Amino acid sequence: MTAAATTHDEYHDHGPAKGFMRWIVTTNHKDIGTLYLVFALVMFFVGGIMAMVIRMELFEPGMQFVDPQFFNSMTTMHALVMVFGAVMPAFAGLANWMIPMMIGAPDMALPRLNNMSFWVLVFAVLLLASTLFMEGGAPAAGWTLYPPLVLQGGNNLPFAVFSVHLLGVSSILASINIIVTILNMRAPGMTMMKMPLFCWTWLITAFLLIAVLPVFAAAVTMLLTDAHFGTSFFDAAGGGDPVLYQHLFWFFGHPEVYIIVLPAFGVVSTVIPTFSRKPLFGYSSMVYATASIAFLSMIVWAHHQFTVGMPLAGELYFMYATMLIAVPTGVKVLNWTATMWKGSLTFETPMLFAVAFVVLFTFGGFTGVMLSLAPADFQYHDSYFVVAHFHYTLVVGGTFPVFAAVYYWLPKWTGHMYNEKLGQLHFWLTLFSFNLTFLVQHFLGLAGMPRRIPDYAIQFADFNMISSIGAFILGASQLLFLYIVVQTIRGGEKATDEVWEDAAKHGLEWTLPSPPPYHTFATAPEIK
Amino acid sequence: MTESNQQKKNTGLVVKLALIVIGMFGFGFALVPLYDVFCDITGVNAKVGVEAATAQDYAIDPNREITLEFVTSVNGNTPLRFAAEIAKMKVIPGKSYRVNFSAENLADHGMIGQAIPSITPGLATKYLKKTECFCFSQQEFKAGEKKIMPVQFVIDPELSEKYKSVTLSYTFFDVTADKYRNN
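So the sequence lines, in the order shown, correspond to chains A and B.
With our numbering, the residue at position 455 of the first sequence is 455, and numbering never jumps.
With our numbering, the residue at position 55 of the second sequence is 1055, and numbering never jumps.
Quick caveat, the hints were computed from the structure, so don't treat them as lab data.
Quick caveat, the model's predicted, so the values are computed rather than measured.
Some hints here could point you the wrong way.
Calculated pairs, EDC-like style, for lysine to aspartate or glutamate (alpha carbon to alpha carbon, straight line, at most 20 Å) [unchecked claim]:
1. B:K1164 / B:D1036
2. B:K1008 / A:E420
3. B:K1009 / A:D107
4. B:K1142 / B:E1104
5. B:K1130 / B:E1065
6. B:K1164 / B:D1061
With beta-carbon atoms standing in for the labels, derived distance ranges [said to hold, decoys possible]:
7. A:P68 / B:I1112: 32 to 40 Å
8. A:L316 / B:S1137: 32 to 40 Å
9. B:T1067 / A:G448: 27 to 35 Å
10. A:D502 / B:V1015: 39 to 47 Å
11. B:K1164 / A:L316: 18 to 26 Å
12. B:K1090 / A:S130: 57 to 65 Å
13. A:G343 / B:F1038: 44 to 52 Å
14. B:S1137 / A:V333: 55 to 63 Å
15. A:S130 / B:I1148: 28 to 36 Å
Each residue gets a CB set at the ideal place from its N, CA and C atoms; glycine is no exception.
Please take these sequences and the hints and turn them into a complete structure.
Structure (structure tokens):
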């Protein structure tokens, strides 16, 4: 402490450490935010390549390129990589970069823990990826890791389980850090109800994470002991019950989808007011809606298992509770629409992604209501309809807002404007190819095509080909995104401090220079 | 706020949050017995207890009949030929019945099996009371051995009138490997 105190004055002046070690040992929230975002982008392409393998195999009926075991590894790993490697770290990166700047704090509350949570994540994903190269291949029982199938997977199971443990540790450390930062580090005058909505949604998400990730860790630990230590948590022969795993998994798994989508709600609630040149409509109702969604998400899990043979009362409870989530979500959609109403709108790339999010996420929400109907779900269960539904909610709900956030804040981070024409081209290509890929999958599912199967009946051929073509365009379009980001980092038109017209009204980060100095808000700003 | 004050406040909050994390990890494990208790009380999930019910006398209504069906299967590659001597029977609630099941070890080595019962509809589970069952313990088979195994049961007349037919199914699991691993 004394050493820190004596060097206090230089502390404000020194920039980042020189050389490569800067990125290994950094405790600066901006550096760690960048690390998270770059890692997420790399994983986005890794998971994307896996999706390309899946769509290549499904381009035509029959077996073309990969054997079924590897196909199932691809569907499993695609989901795990995209959820835990790409989308969650992307939002963690945004949180690291933006939350201290939004609440007027000098850094995250626990900077060393921050460094650790990033590097644990890297090792967790490497551990998971290593299973791709081992005998017997990567986990292939689906990302839900259901027993008894997953117990037959062989040597990859302990790796997958430890990887989940480490991913959990990483996310929990990051969550604790975010909660402490938001609750303890706000600048004087930055009351809770003055905080940007992005901080609010992340605060609630962080609480969700620390509540449900430990339960998932417990569940996979039980898988491990069942496989290797002779316990019978999920083994019927020993008096256990495989359905218990499904309950434990979805107790985590359902909140998990909101863990992905709530910070996205925060991004959209930040972007739409800026480009509507109006304050957010119904700020406090947004806060309460977010909290209600988080609460409801923890008591509806069994709608993923309507077909396990639940009694009628259970089906009805989970059906009605699930439908209830449509109410706070509806409040949010109404508020976003009302924010745009009579605003002086412009449609730069971030706004395009945000508006597309509102429309397509609502679409995904409606198919969610269809799936929540227990009697109808028996037909949709494990079909491509479900695949289409969760890509409309997770790709649109997860990656579209990340794109919006990156285009929105990239000029602030780098000090350069991105190429608006290319950004808009990226948006339209993504929007078009996303719908080409996933819209037809609804119909495939309704017609009875099951998910996680590498081959299909001949009548599904045309729509699968359309879907695959869409996926190839979608994948290729993201190379354009990579190009735009790299180009913006390397140079380009100088960005102003505000970047967007009157943005300073919408957040403290726009009062800082672009790019912001290495240390910001060493003295707390004054909040009026 | 001074630096050390802030530090203290942060540490306090971190400790509280860490306790939530540890508590939720424990809660994950606590859900295992809680789940069993919940299934036991409500009878959902058709999980059947493995203890024998005590024999007791019920008021018998001879005019009420329920069809009881038997389903037998083996898990995976369990080398047993497993069957009930009858596929279904009419039973009067409150009356005690005895049904024989047979299992033959098709393998040329000894094996140990465990039969796991399940009842459909799930809510009827707790009304089917077994005073004797081969599923209460593991069954050891010598190579090629055939066993006749009885089940003694009674259906509690409290069972809702709306159930006209109940299915009792058994799945035989090969637990030979588990047995040797645990010992």
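Structure-based check of all given hints:
1. B:K1164 / B:D1036: 27 Å, violated
2. B:K1008 / A:E420: Status violated; Cα separation ~47 Å.
3. B:K1009 / A:D107: 16 Å, holds
4. B:K1142 / B:E1104: 9 Å, holds
5. B:K1130 / B:E1065: Satisfied, since the Cα-Cα distance of roughly 18 Å is no more than 20 Å.
6. B:K1164 / B:D1061: Holds - the C-alpha atoms of B:D1061 and B:K1164 are around 14 Å apart, at most 20 Å.
7. A:P68 / B:I1112: 32 to 40 Å: 33 Å, holds
8. A:L316 / B:S1137: 32 to 40 Å: Between A:L316 and B:S1137, where Cβ atoms are some 38 Å apart, the hint holds.
9. B:T1067 / A:G448: 27 to 35 Å: Holds: the Cβ-Cβ distance is about 33 Å, inside 27 to 35 Å.
10. A:D502 / B:V1015: 39 to 47 Å: Once the Cβ atoms are compared, 43 Å apart, the range 39 to 47 Å for B:V1015 and A:D502 holds.
11. B:K1164 / A:L316: 18 to 26 Å: For A:L316 against B:K1164, whose Cβ atoms are near 23 Å apart, the range 18 to 26 Å holds.
12. B:K1090 / A:S130: 57 to 65 Å: For A:S130 against B:K1090, whose Cβ atoms are near 60 Å apart, the range 57 to 65 Å holds.
13. A:G343 / B:F1038: 44 to 52 Å: 51 Å, holds
14. B:S1137 / A:V333: 55 to 63 Å: 58 Å, holds
15. A:S130 / B:I1148: 28 to 36 Å: 52 Å, violated
Violated hints for the displayed structure, listed by number in ascending order: 1, 2 and 15.
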